[in-house]
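Here this note's numbering is used: the first residue of the first sequence is 1, the next is one more, and so on.
Source of the hints: derived by calculation from the structure; they are not laboratory data.
Heads up, some of the hints might be wrong.
What the hints assert, rightly or not - The following label-pair restraints were derived from C-beta to C-beta distances:
#1 15 x 165: 14 to 24 Å
#2 94 x 122: 41 to 51 Å
#3 193 x 82: 29 to 39 Å
#4 32 x 178: 25 to 35 Å
#5 182 x 84: 30 to 40 Å
#6 170 x 61: 17 to 27 Å
#7 170 x 35: 32 to 42 Å
#8 34 x 187: 33 to 43 Å
#9 34 x 162: 31 to 41 Å
We treat Cβ as the ideally placed atom computed from N, Cα and C, and that holds for glycine.
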Amino acid sequence: MNHMSILDSKFFEGDVHIIAESLLGKIFVRKLNGNILSGKIVEVEVYDGLTDEASHAFNGKTKRNEVMFKQGGLLYVYFTYGMHFCANVVTGNVDDPKAVLLRGIEPLKGIELMSINRYGKKSFTQKEFINLTNGPAKLCKAFGIERFENGMDLTGETIFILDSPKLSKSEIITSTRIGVNKSINLPWRYYIKNNPFVSKK
DNA sequence: CCACGGATTGGCT
DNA sequence: GCCAATCCGTGGA
């Protein structure tokens, strides 16, 4: 895979943990109304429907989670707490419901539009800058990801991920996942050390 | 059919 | 640190 090329379907077929760690440092891109929104992925979590009680797919396929059961390389977006959307990268093959939750992104392009999406205004304080995308629901709001984006093809023209050099082990922190009440001891959260857009230490 | 609670966030104490 | 907001998927009766 060449530097700064778009990740293709091959990338999303492999082991979900390898993919999760590999996604750190890569550039998530979304075209929205003729604008480019992009940012560096800095925090992710693995959800594995086959062995993981915290996964939406653990109890089998439903209308809500059906995208997780499809071929890797799609975006799985879910609605939660009556007001928030969160986005996952689906990995693996059909009926192998694994996904990587995007929890933190460092904004690169289209930052004014992200601010409009988040706060309804173009300008922002330093604190608001960090707050644009340092959480799974925050980054969806900033990137304009909602119900319509569920199931979108990540190897298409609208939403895709640009490759970047693999990070060294010393740059990556592994920890337990945030906000789950089941399988709480699985160390399936990965984030970039010292990056301010990581949701929690 | 109904009750529960969620892969969160932001505001208030 | 605590808790309300606000919808709807899910599971049990």
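The hint says 14 to 24 Å between residue 15 and residue 165; measuring C-beta to C-beta, is that right? Holds, since residue 15 and residue 165 (Cβ atoms, about 20 Å apart) stay within the stated range.
Is the distance from the Cβ of residue 32 to the Cβ of residue 178 consistent with 25 to 35 Å? Once the Cβ atoms are compared, 27 Å apart, the range 25 to 35 Å for residue 178 and residue 32 holds.
When you take the CB atoms of residue 170 and residue 35, is the distance between them in 32 to 42 Å? Given range 32 to 42 Å: holds, Cβ gap about 36 Å.
When you take the CB atoms of residue 34 and residue 187, is the distance between them in 33 to 43 Å? Cβ of residue 34 to Cβ of residue 187: about 41 Å, so the range 33 to 43 Å holds.
Measuring from beta carbon to beta carbon, are residue 182 and residue 84 in 30 to 40 Å? Because 20 Å falls outside the window, the suggested range is violated.
Given a hinted range of 31 to 41 Å, is it respected by the beta-carbon distance of residue 34 and residue 162? Since the Cβ atoms of residue 34 and residue 162 sit about 19 Å apart, the hinted range of 31 to 41 Å is violated.
Satisfaction of the hinted span 17 to 27 Å by the C-beta atoms belonging to residue 170 and residue 61: Given a distance of about 39 Å, which is not inside 17 to 27 Å, the answer is violated.
Confirm or reject the claim that residue 94 and residue 122 have a C-beta distance inside 41 to 51 Å. holds, 43 Å
Is it true that residue 193 and residue 82 lie within 29 to 39 Å of each other by Cβ? holds, 34 Å
Checked against the numbered hints listed earlier, the structure breaks hints 5, 6 and 9; every other hint is satisfied.
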